[in-house]
Amino acid sequence: DVKVTQSSRYLVKRTGEKVFLECVQDMDHENMFWYRQDPGLGLRLIYFSYDVKMKEKGDIPEGYSVSREKKERFSLILESASTNQTSMYLCASSYLGGGYTFGSGTRLTVV
Amino acid sequence: QQQVKQSPQSLIVQKGGIPIINCAYENTAFDYFPWYQQFPGKGPALLIAIRPDVSEKKEGRFTISFNKSAKQFSLHIMDSQPGDSATYFCAASKHGGSEKLVFGKGMKLTVNP
Numbered sequence: 057d058v059k060v061t062q063s064s065r066y067l068v069k070r071t072g073e074k075v076f077l078e079c080v081q082d083m084d085h086e087n088m089f090w091y092r093q094d095p096g097l098g099l100r101l102i103y104f105s106y107d108v109k110m111k112e113k114g115d116i117p118e119g120y121s122v123s124r125e126k127k128e129r130f131s132l133i134l135e136s137a138s139t140n141q142t143s144m145y146l147c148a149s150s151y152l153g154g155g156y157t158f159g160s161g162t163r164l165t166v167v
Numbered sequence: 014q015q016q017v018k019q020s021p022q023s024l025i026v027q028k029g030g031i032p033i034i035n036c037a038y039e040n041t042a043f044d045y046f047p048w049y050q051q052f053p054g055k056g057p058a059l060l061i062a063i064r065p066d067v068s069e070k071k072e073g074r075f076t077i078s079f080n081k082s083a084k085q086f087s088l089h090i091m092d093s094q095p096g097d098s099a100t101y102f103c104a105a106s107k108h109g110g111s112e113k114l115v116f117g118k119g120m121k122l123t124v125n126p
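Respectively, the protein sequence lines represent chains A and B. First residue of the first sequence: 57, per this note's numbering; consecutive thereafter. First residue of the second sequence: 14, per this note's numbering; consecutive thereafter.
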């Protein structure tokens with residue numbers, strides 16, 4: 057069964073901390089994505105990557121960066137966490153022309 | 014600018030009812046239209062998808078209807094069950110799905126027993 061694994065289900069961090077969210081897929085997919093999900097706002101794309109070492113900004117990249125050093129791993133970095141980054145973060149992967157497979161999400165709380 | 018508009022935001026139906034979720038899109042270059050289902054505590058999962066060469070696609074109790082001239086597509090759930098209670102997202106993409114998906118804002122469905 058194909059999988060996208062997010063390293064943490066729940067995370068609590070302090071304002072100003074640097075936060076790393078990790079995502080690993082075992083499907084050899086080219087494309088990987090990071091979304092945040094907030095009530096009433098749906099899924100908003102933060103960053104995506106079509107290949108190793110490539111990254112593209114999504115709709116809300118401010119305050120975030122990403123890293124894709126290996127095909128199977130896509131990391132989301134919050135450079136200096138703020139309370140307005142409290143959210144559910146979802147990672148997804150896909151092959152060219154295929155549907156997305158999502159991870160179960162990381163619920164991040166910044167206090 | 015919201016490229017994919019989804020309605021309603023929430024819906025409550027009785028078991029056996031037929032909830033209908035509607036989506037409208039702006040970009041005529043979109044040619045791949047999937048629906049995702051998300052249960053609480055889980056990530057969204059692909060439910061069913063349609064391409065504009067057909068007007069309807071059915072998988073089990075789930076049916077997508079597609080109206081290219083109106084730039085609208087909808088999801089119908091036949092004989093809905095309490096286990097269908099979830100959030101449903103429509104989405105659209107260009108180039109057969111090879112470009113990134115644009116999602117609607119989601120609809121929370123509750124099916125009462």
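Just so you know, the hints here were simulated from the structure itself, not pulled from any lab data. For glycine and all other residues, C-beta sits at the position ideal for the given N, C-alpha and C. Certain hints may be false.
[What the hints assert, rightly or not] Chain B stretches covered by chain A per the calculated footprint, using a threshold of three residues with CB under 8 Å from any CB of chain A: (1) 46-55; (2) 58-68; (3) 114-125.
Structure-based check of all given hints:
no.	hint	result
1	46-55	holds (count 4)
2	58-68	holds (count 3)
3	114-125	holds (count 5)
Of the numbered hints given earlier, the model fails none.
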